[in-house]
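These two chains come separately, so use the hints to put the complex back together.
If you're matching them up, the sequences are chains U and L in order. Just so it is clear: in the first sequence, position 348 is 348 by my numbering, and no numbers are missing. Just so it is clear: in the second sequence, position 242 is 242 by my numbering, and no numbers are missing.
What the hints contain is simulated information worked out from the structure, not anything from laboratory work. In this text the structure is predicted, and so the values were computed from the model without any measurement. The beta carbon of each residue, even a glycine, is placed where N, CA and C say it ideally should be. Errors might be hidden in some of the hints.
Quick partial rundown of chain L residues pointing at chain U, CB under 7 Å, derived from the structure [to be verified]: (1) 35; (2) 71; (3) 245; (4) 246; (5) 290; (6) 298; (7) 300; (8) 569.
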Amino acid sequence: MIHSLFLVNSSGDIFLEKHWKSVVSRSVCDYFFEAQERASEPENVPPVIPTPHHYLISVLRHRIYFVAVIQSEVPPLFVIEFLHRVVDTFQDYFGVCTEAAIKDNVVVVYELLEEMLDNGFPLATESNILKELIKPPTILRTVVNTITGSTNVGEQLPTGQLSVVPWRRTGVKYTNNEAYFDVVEEIDAIIDKSGSTITAEIQGVIDACVKLTGMPDLTLSFMNPRLLDDVSFHPCVRFKRWEAERILSFIPPDGNFRLLSYHVSSQNLVAIPVYVKHNITFREGSSQGHFELTLGPKQTMGKGVEAVLVSSQLPRGVLNTNLNPTQGTYTFDPVTKLLSWDVGKINPQKLPSLKGSMSLQAGATKPDENPTINIQFKIQQSALSGLKVNRLDMYGEKYKPFKGIKYMTKAGKFQVRT
Amino acid sequence: MTDSKYFTTTKKGEIFELKAELNSDKKEKKKEAVKKVIASMTVGKDVSALFPDVVNCMQTDNLELKKLVYLYLMNYAKSQPDMAIMAVNTFVKDCEDPNPLIRALAVRTMGCIRVDKITEYLCEPLRKCLKDEDPYVRKTAAVCVAKLHDINAQLVEDQGFLDTLKDLISDSNPMVVANAVAALSEIAESHPNSNLLDLNPQSINKLLTALNECTEWGQIFILDCLANYTPRDDRESQSICERVTPRLSHANSAVVLSAVKVLMKFMEMLPKDLDYYGTLLKKLAPPLVTLLSAEPELQYVALRNINLIVQKRPEILKHEMKVFFVKYNDPIYVKLEKLDIMIRLASQANIAQVLAELKEYATEVDVDFVRKAVRAIGRCAIKVEQSAERCVSTLLDLIQTKVNYVVQEAIVVIKDIFRKYPNKYESVIATLCENLDSLDEPEARAAMIWIVGEYAERIDNADELLESFLEGFHDESTQVQLQLLTAIVKLFLKKPTETQELVQQVLSLATQDSDNPDLRDRGYIYWRLLSTDPVAAKEVVLAEKPLISEETDLIEPTLLEELICHIGTLASVYHKPPSAFVEGSRGVMHKRLPARTGSGEGTESPDMGNTAGGSAPEAATSIIPSQGDLLGDLLNLDMAPQTTTGPTPPTSGMQMGGMDLLGGVLDSLLGGDIGGSPAMGVGFGAAPAVMPASLSAPVGGGLGDLFDLGGGVGMPMGAYIPPKTVWLQAMKAKGLEISGTFARRAGVIQMELVLTNKAMSIMTDFAIQFNRNSFGLAPAGPLQVLTPLGPNQTIEVSLPLSTVGPVMKMDPLNNLQVAVKNNIDVFYFSCQYPISMLFVEDGKMERQVFLATWKDIPSDNESQFQIQDCHLNSEAASNKLQGSNIFTIAKRTVEGQDMLYMSIKLSNGIWVLAELKVQAGNPNYTISLKCRAPEVSQCVFQCYEAVLKN
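So that you can see chain L by itself, here it is in the shape it has in the complex (with noise of 0.2 Å):
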């Protein structure tokens, strides 16, 4: 006899049916009904039209029947909330019930109907429950006030339901404890900013104690919560990470992975030399390692954790390489994870063995699988330079398997390869032209074409290859087109005799016969640029390309510093912040790692760290193919003038280089030398123009003690703005001349532009972008000249800007080129930000921090400055560079000379450290900077000489 006779009904009045039996008298027949409900209701039949009838089930001695009636309840009292109410009194009676069962199942079915009217009645019962005498019913109501902060969080504040939970958490019971955190957790994340989990290290010692003992699940909501905790200083953390790691030995996956995140972050703090840093380290990898012996989906979700973890601490798994060997059995989702986790670890030490791993990989049945097998024996290539050679050849062998899928793909990563090591593998080209014809998938194509035009003066018959791919033009793609196109003129550029017609050919059905504006436009570039001087084109299309980088696809630190924090979420499995995708969740706090080193920098960030030394814009194009239109971001404009805002997220590495070098060129071609105009070059620094009035820092020494040193962010003292110069004249721009200058202004960045028209006609439509640039800088709302601007007006714009826009090394760093429509035409300029304007308010940093900083950052990196006739004390040069988010933070007097210790954080999270020493009588100032990001400090200095001169 079994559950199945549930389902068993006549067709006929089947509700009808039930609702008789319901209100049987027999309680055994009553008890079946139910049954057949509840069972109905687990295969989605709809019975709540029996609500009344179950409802007066509800009172009964008979737990299992309560039981029933409460799951259909839970149900069910959503759609019928009048009736609903019906049910409230036998709550509460149950609420006072002597069996601490009873009282449980109460508090926690009451919480789960989300019913408005009878949230009401719960609160008495459930604020009795909060602090019943049995442990049992506290944490089921710990629970209860998560649920009833769902569905209505007003009443939970009003009712002081929140210091309740609280208070529950120096509960003496683990479990309790343990429930209470996970409902704090809970309610946080819809209340970012409420400072609900307020931790402080007593309320750490209690989850401590609590850790060791409550249920696996409550370990995991202690770990996470934990994970939030920023330790004083590097002995605290240690401590907590020694009560920590034996949490590792767990059965329990969720537990291991928490405990491992915690780890992570708190490892940040410690030093490196200590002892115990390095146990740490050691302890860190068998159970990682284990992790992989589990079931496929946890294997999945720790491979994608173990991606993090790799990229942020090789040297944790150096050494286990083997663990990461794919079974051909492996589903085929954790093969691809393995793949990407070997490529991370190969080195020098273990290439061989991996290559032939991949080699094996490359024979395989399925066809993802292949490719990405394939594509990594390249990758291994560009990362280890030892292991070059034998990558090569192990790729030709896999051409010679003559298997479509796998020669595309070896085409695509030997290109990456000839990139990477120049003049070096060549000899293989005539091997990759045999199987031109082969090639079906547009990357594929576009590779081969590239290769055949980088190296068309080796290749006799470059011009016949390339000739055949244009029979087809219009029915390639894009990526291809642009490249056949490039290709073509660098074969002109090399051979111009012989292949004058093709290049007319190439040019015409680019500009004429195309309606795609990159290709378009990209064809009229090369047409006037060849056309008026050949010598530049020359310069510009075969100019020697920045080498790339090892790994193209590794996360951008701030966003790997922040997946660290989040190990063993839903965001570490996507690689994505969590603000970006879960939702629910608004305005997620950012984490961040610990500061040890003042890590939240930049320097190995691909964008910042790899300068591109004049390259061409083709040779970003054909590296990453996607982004095909670097062009078009400037180009653009004519095409869509008012959607020039959407922040374009942030590619991760390659695209530096190009536009400094296009930049130039288009200036050149548009017939103005505005690129180094020397109006603005040296924006600040200048006279001493009109000053806003807000700026006049209080000078008298006295005065500056009675603030506190560098204390009160919100002084109200504005930042140091330069004068307007003229970035655009007149006479180079159709008779508009654009003048400004950069502000910051209670924390948001604008950029302050001064329109006049000096021509006769009235100009409209007015739309600004920039160029990528080295801070991300981008409008952050379309440009407001709302009215046209008649002849000899002239009208004053604040643009806000926002620093989340795609990001390009400059130089000099602060450069910024700007494009600026109206109806007239596009003209470009290019201006420098004071880089003062991109400290950002909470740029003062803890001592402590500081000088473990300041010892951290290698002395290579610090620069030295002199500021030189400057009149003021140090009272009020910190005073003043305060205004500008310069804060001071230490003071020291050392035989009458002041040193003061000064932070300041720029947008992108980079931290400069400063030292500024100032003699008393001697107006000459010493400073010394200390940043990450060494580059910025000529430019950090040239603020600090404008803010104290002005």
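Chain U extracted, bound-state conformation (with noise of 0.2 Å):
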């Protein structure tokens, strides 16, 4: 099981321990900074290294490496999974997961470390759980601990820890009773030169936000849940129900949470929001490039685009740029030789448009290869696939709640390339 946890920063210092068994050397992590050294990016180390007597496992979270050290045969994604976890509970709890914030509340992150593994065995990582074990660091509290002498230690067993909904705490209760649910969908595609799609699929997910007076059962219907032929769902999800009726059904925890993701693969129809006109040319014996791109809108559902960023990595060759945007800012790093144009919104009746020359280093050959162009955007209340809730009912508590459901499109890795 996991042994120990070391934080490593970006600039290679280990600034905090954990050990849930004997304790490590943490020259094992000379390991990791060799693996570091040899990756061209951060994010490039490999994610398993192997050591003479332990296993490094590590994930790359805001630019801070939690590295997990384990002795024995664990399966690694159950460390993985743990370690982000760990990330999620940080943030959840400081608001950000940063080196300072970490510093700032290192008693407490060494007290969450500790609950959430005994000897190497996950113990609580519900946050419902945790927040009630360990209460997350406010002003507020602070204040009244150092004065009153009181503990942010929860003296009691926490209630979830044994229940059959180990996500949900009891006794909640609220004035306003409020849930709303986040239909957020991000495209991945690859679109190759002459504007095909190779690949498109869709993930989803639904996030909920829910606060509400003790112990509601929900259901959650949809128009179309045909869609959804491949989802991964939150524990608190009736799988057998969904299995018969394609209904979700549950009793949800307290707070933001995840309801489900799910995945609409490219073997269905994708349909692409955005088209991109290029023009990236090199002569031979030129020191000069051409440079033309032109963003517009293509299957949207009659909504608008916005936020759009677009951004290419350049060739090495390339010195400079000179380009002028019909709207928006743009910017080109002539050293990393990364160029991102800040678009914003795309009006279907002016589109906007990048023209200019490149100029390149003198005799140097042509480079050779073509850059790939990021897309990200954003889409307001539609979902790219289609997917419709239909209704939400709750039962089994007598007010009523507030509900709302918002849809959004958003790219992912969506890349044009030229």
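Put into structure tokens, the structure is as follows:
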């Protein structure tokens, strides 16, 4: 099981260590640093690194490496999932997960880690339970604690810990009862030179924010549940009911949680909301290159495309660019060769474009790689796959809650090859 | 006000200051002090000196303070064992606290204090907590047993905690069950043979019930535990699968992958024509695809596992090619894995798409990735014949880019394409030759030289090209040197008139000026070959090469099966068996897929399946250049006489052929026709010479009934041992005569040798080595001839053999080429071993499995033989055969004819099923053999005959 955890910042310093079994010397991280040095980019450090006596399994989030040390055969996914859970918990507790935030709350962090893992076995990882055991730090509580000498550690056994609904605490009370659901879809796509789709798929999630008194039992049904054939559920969802009736029935956790995530695969037809016309050329023997890019909406279901951001890694030979955007602003970093263009909203009447020239190193051969264009965008009030919630009902409690559903489409890894 | 204040202390007397604060009367000050101590601890500062002061704070009602003190204790108790005793009383008291949280906390912390003296005190509280009324305490106590076991295993066993833990599997609370399973699994890891997790249908049912209700982590433990179970039949297997499939929709990817493992394993037992089998296959694809949309670290582990899954069951993901397309900002480790899987999934249907992608990748920035993409194009050409042409033209396009590393990779793969499709794409050679000067990597240079040598007759200036390489011969790497030597010899054989000087030059460079034994020996062989018999040389060097197989990097099937049982583990990430690398797991049990099809069989194994029809040695070398020392195997004897045993890991793929031929050549080079010495060709089946007494089977009919038919494995009957034959005649071996036989004794294969010195001088320094052979036989130790062997002395030696040596198919299958060295010379002989000595003791198949397997093996693989003149009745025959590990599974009598069904398992996991017909009064038996590797049937039949007639 998980032996120890080291937190390493981007400059390669270990700023926290926690051992759940015997103490492992931090020199074990030298193997990690070696790998880090070899990797060209921070994200290229391999997640599993063997050392003579241990294995190091690491994740990189918020520019902090979380390095777990294991000694015996442990499923790596188990470790990685756990590490991500640690990061999520920190974020949940401190608002951000940064080195400063962790150092500021080092005792809470330590208490949390101790509570999450016992001898390497996960103990309590649900945020609802943890919050009952260890209260999140707030300014008010810190002040009160210093005055009264009370603690921020729960004295009682968390209620959810052993019930059949471990994700929900009991005795929840709200004056305003509300349940909000966000359907968020990200489209991952690769578009080739000629504009045809090589692969496109949708990763969707339904995130919920449920603040309901007591033990509500919710059901959520869809207009078109057939879209959801590849889904992962929060443990609260009753799987049998879904299998039989295609209805989500669940007792929700308290607060924010991800109800389900789904995947609409490349085999279904996925609508592509934007198109790109591009003309990026280098001529042999010339120190100038031509750059032209135009964006336009494609299948957007009548909604506007906003927050568009175009970025591209230009070839190493490009020294500088001289481009004119019809709207928004663009920047080019001559060191990293990263071009980024903050377009904003796409106006279908007046398509945004970016035109101009690139200067190349004099005398150098023409770059042979073609830059890939990365596009980010948002479409409000629509889910690209067409998924629609039919209705939300609540049983088990008498009050009438506020309900709300929001839809949004975003670009995930949306890439256009040139 | 944040915790960072705990780090700011005055430089002077930090510890001293803390000490004062810890002993303060004010509660609040104490707590702050402990927090400071903990903060120092988190950054690795040594604050162990404060141990007594911190422990004094332990007696408190304040839970936070208590927890902090416990945290401190766990870290430092080991370094202060005597002081730690001070804490015991508080622990024992806390274990009786009315608050379950405190009881659990106490037992949990106590287990983390790794001090022997404390563990004694832990036993009583732990026993109570294991039976606590509160499930939270019980589940914590379950983990504590595992902790204690880690510190003092004997104590845990003596105190009977293991039994209590087993009882907890039937606990009413699913969380307790999950933790008990987790604890037992961890303990079982260090006790591979203790039957701790005794799984039976009842306990499986309990686990499946708990599976639905426990936490995600608990589900992982339970699923991993389920994967160790072997269902009794396909129905049970199906019902478990049905209850596990909902886990595929879990949000936690580790749960999903563990569920995939269980399903992949149990699927093995389901009949393929079952509807449910197809449904299950369909259900497996979406969750695997979903894993690829997770964080890159998860993707990486998922991809390594998918790599195994597509090798085992390509049908699951065959339509999902697109999800493996590489995004330019994927981390490099994800890119490389995706590429690997793309090639595995490439087929005629999707090859156009794949090629277009690969070409795109070949223009990316990352050098490693580009190289692999180019290589992938070559592999596509070899895998999908229809695409070969397109692949070659794509590669030529890439060569035109003149990017140095792209060109080099392209040339390496084009060489393989030439091997696969001879005389088809030679028109591109001219383009390749243009790039000769830009090649600076050994592999690319070697590939180019191979191409020039192979097609020397079509390249006008081949001699000039090769000569240009020869100038810097000694600066080249071994790989290039060997290749150059062979290429020039080929050139000479093709154009003898113009190149005589060149060949002289290279031979002298290789033999006289080189200190590399491989190179020198190959040089000598060519030299002698050319000088004694140029025609034979031509036959050898220019022989037709065996075609290279589609995929050289497939994981060997037995390993693949084992890895499938370990999906989701580190083993699956590294594609190595768990025993190979994880420290602390002493003697991990090898897991096997359950046998519906008798699956441990090596039919698809590349080293068994590919028959090498007359191959030339350099062919193999050039395909797998890293194994440039095929020759070395036999010849390096003169270099290192004693280090003959280290079992080399079986390399995958291509090293077949080669040696057969070389062996023959060698023999004739050495002036003897030992290769086919008639004396031992018929090793067994020969006259009933001296037989060990143990062999006399109870022939009397009635006796046999007393023995459970094929039941007791340890029956006091020895295996059949053929009489000794002369393997090496004295006149051919400068006075050394070797005769011998093979035996299997108590599960160990032994080669029994009699060495006789018929020369006038003393012989010393004996050593032995085997050539690669069909079943990987290799000496398990050195040849134990301790005293010098004087003239006319004889010594009997028995040499234990292992079956983990390198594998190469031999003809006949049971042929073994041996080299023996002494102070005089090295001698070679070959002999044949009875295949019965490879029959392992656990070769008894379950009846049902036997039936299913029998049906599953196609009838093409069945062969029939007659055994003449055998006067045993069926019981006696069965008993006799059992002595040689041929197990009778069932007997049926039809119309006065006894049908005996038998199973045999070979040391490499191949199963042979047999049906023996015995008719009363008829001395002729009929035997049908079925096996996935039908080549072995003939040998097995010979064994039957030998065993039954002796």
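* To do: Compare the structure with the hints numbered earlier in the document and write down the numbers of the violated ones, lowest to highest.
  => Number 3 only.
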